[in-house]
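Asks: In the order they appear, the protein sequences are chains V and E.
First residue of the first sequence: 1, per the numbering used here; consecutive thereafter.
First residue of the second sequence: 1, per the numbering used here; consecutive thereafter.
Derived from the structure by calculation, the hints contain no laboratory data.
Mixed in with the good hints, there may be bad ones.
Distance windows between CB atoms, simulated [said to hold, decoys possible]: (1) 205/V x 263/E: 30 to 38 Å; (2) 279/V x 175/E: 20 to 28 Å; (3) 304/V x 69/E: 39 to 47 Å; (4) 501/V x 162/E: 33 to 41 Å; (5) 177/V x 69/E: 57 to 65 Å; (6) 186/E x 582/V: 56 to 64 Å; (7) 212/E x 177/V: 51 to 59 Å; (8) 393/V x 186/E: 31 to 39 Å; (9) 183/E x 277/V: 33 to 41 Å.
Idealized CB from N, CA, C, for every residue including glycine.
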Amino acid sequence: MNTRTKRLVIPVVLVVAVLALPRLVTTNYWMDLINLSISFAVACLGLNIVLGYAGQLSLAQAAFWGVGAYCSAILTTQFGLSPWASMFPAFFVAASFGVLLGIPTLKLSGHYLAMATIGFGIIVQLILVNAIWLTNGSDGITTIPSPWIGSLELKGPGDFFYVAAASLILFTWGAITLKDSRVGRAFMAIRENEMAAGTMGVDTTYYKITAFALSAGYAGFGGWLFAHSCSHYISPDTFSFDQSVILLVMAVLGGNGSAIGSIVGATLLTMLPEMLRFLKDSYMMFYAAGIVVIMIFMPTGIAGLVKTMPVSLRLRAWWNADSTAARQVAAADSTRKSSDAALPATSRVCTGSDQVLLTVQGLAKHFGGLKAVDGVDMKVRRGEIQALIGPNGSGKTTILNMLSGLYIPTAGEITLEGTSISGKKPHMITAHGVARTFQNIRLFGELSVLDNVLIGQHSRSKAGLVASLFRPVSQRAEEAAMRKKAIEMLEFVGLHGKEFSQANSLPYGRQRMLELARALVSDPKLLLLDEPAAGLNAAETEALVELLYHICDRGITILLVEHDMSLVMNVSDHITVLNFGQKIAEGSAEEVEHNQEVIDAYLGTEVGNA
Amino acid sequence: MDWSTNLQMVVAGLAMGSIYALVALGFVLIFNAVNVVNFAQGEFAMVPAFVAVWLMSSLNIPFPLTCVITVIFMGVFGIVFQRIAYYPLRDRGFLPVVISTIGVGIFLKNGAQIVFGAEPFAMTRPTDATALDILGVFVDPQYIVIILCTMVLLAFQHFFFEKTMLGKKMRATAQDKQMARLLGIRVAKMIAITFAYSSILGAAAGILVGPIFFVTKDMGAMIGLKAFCSAILGGFGSVPGAILGGLFLGVIEVFGSYYISSAYRDAFAFIIMILVLLLRPQGFFGEKIAEKA
């Protein structure tokens, strides 16, 4: 089967299913339930974007669902707007509420975020109850109109179903498309490691708000579906905290991060209470007990279970066999096999220059009374390998953190090529041409090796939300170019053939190489390496030295923090020595090696240790 | 608007705040011990209220004995709770435990309705229903009982954690489980006791607040959420923070609903919490936690 026919399978199956379902399900009762599950499913898809993709917990999804429903209900009943037109305000008003929630919760995570979103949801519900002039209070809004097609009113659940199904397909397609795009990868980078995402060029603030807005927009549209189907009646008590919890459980049950899983979860949990009706009053109890049991025995949700089944593995392999990415990797493989010229083992050819790339003046960072870094001056010259050494706690990593924007300096100035970068946010500094690796590796562990390196190019690419969703030619060209560069870079660090492995499945030494590739692919002028040799064996360290030379040959300046002295003495053009947050020596390897103060700092002096 | 009305409101606020403080302490102790937020904490106050009402009205057990039985019941309840909602998920990160505690919360709410029926109960008051006239300030005596009982309980708790071996072992467990285990402390037991104690705090809150409101299945939800707000206000993880946060919130709520809007009474706690999270995320007493690079 060629790619084109393969790509036709899904649309054909979907069209057949949508046309067949109203004929198979004949009672209005069940058709209403199906429409209700679709409304929940769209809201869940949204939750899946903010929670599953971006890793931000939201317990206000029912509030956004309500905002969408109320927005459309008010516009259609009071202002006579057509339901077709009111679906847009339903989406966008809810999305702007999402921004409203996103802004105060940016800095929060975990239970703080959970609590803030709960509070937000409760406030929205209180407004729905009390702003009677607008929402009709707890009486709710009745007789919400159905959409019309020509002279046909889509009032019967069987008719409305086509609208609901079409929207569900559209929104699912959006969620799935988004996942494999620059924006989707930025979301997932934040989920996997927010700090690393920032230093890889992802504007975490912007993307978190975008995720909240998009998720709320989805919920708002779900609300539109709810308002114009089923009972054509809405009241505030539907949009409660409990409902938010149920939406959360639907998304988690379905499988955190899986769009199809969200739909399955939403459908199951909408139908389940109906099947538990025979339990009468106690059905909510069993429902709740079910939630706990699911959490205990199905941690990865339904999607997680299905994904590991051999059938689905084979299906996936078949589906992905000739994806664009796979073909690009295969093409790179074949050219390599024909030339088979790995990197020649050279000693370095690059030489440092006198041109200053980075200047640090009077840099200081105080944590309360602790002066981690206290007035350090240093220069890094273009094309050289400079090392920053010092005993534990001397402030080396703190300096790297300030250079990469993770810490805001207490005082001092950092200039890169004449532009001040001190105090700028990590993603802006990355855009200026500074990349880094971390002492304790910070990969996007659950993502593929290739995705990790693609995220590294975030600051060098520009597809936004709209382009990521609709994939115009420019976006596809950009993706292809990014993949090409990523594949080259993986080859450069010796990770070819591992493109589709999960990053945290790599052995330790290779994870370091991947982190290096991810940093290099952002085209840095200055590469900050925080203990790159830590945990590497002798052979791996030797390979690292080679690699450092090759990086240097590419015209990239390196600032290295390292404890392996033989490595430092071997590769560095210049060495800066810190102790207790201050610079105590500077110069070439020989100069530093024989500096009395340096020897004292490392070995201690008799006086100092007395 | 005179001073006696304001004073009256302060007393009412402190009483409600004491309830929040007790439940907030339950949150904080569990959080410190196992780094988990128990979203069923509000139900820890709802369940004992039902148990106490049932003991007193159906079995005609006198109030003091009812208290003893309820406290013992809740102690056992806490241990069973942690066995089900926390223990199987202890190594699984944040989200699963949040969802499982929410699940148990919904279970308890609906369970209470099935066991005790949907009708709200009025709990027998241990105090006189007529307001006390203290220098022209009219105060419900139950408010005084709430405030005094909370103070006694907090004093006892302070003594327990500072002076007794068991209290010290529990604190050691909260600080560093691995080290505590190496020193021979039975960590799992300490965690179970922490849950039991936090559930007993809920028992106190439930019995104390019962006579003011009707006892219903939904009484715990708002108390739980507001107690959580209190804990965040005070700085999550801080014991004095939870107490002061609770009292502060109780007073603010009463004044807010009197002077601003009673319809939005339930919103004040959350608005203040969101503001505090924005301006001072570590709360009044919390320490700033920064991730290390």
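Asks: Are any of the numbered hints broken by this structure? If so, which, sorted upward?
Replies: Per hint list: 2, 4, 6, 9 violated.
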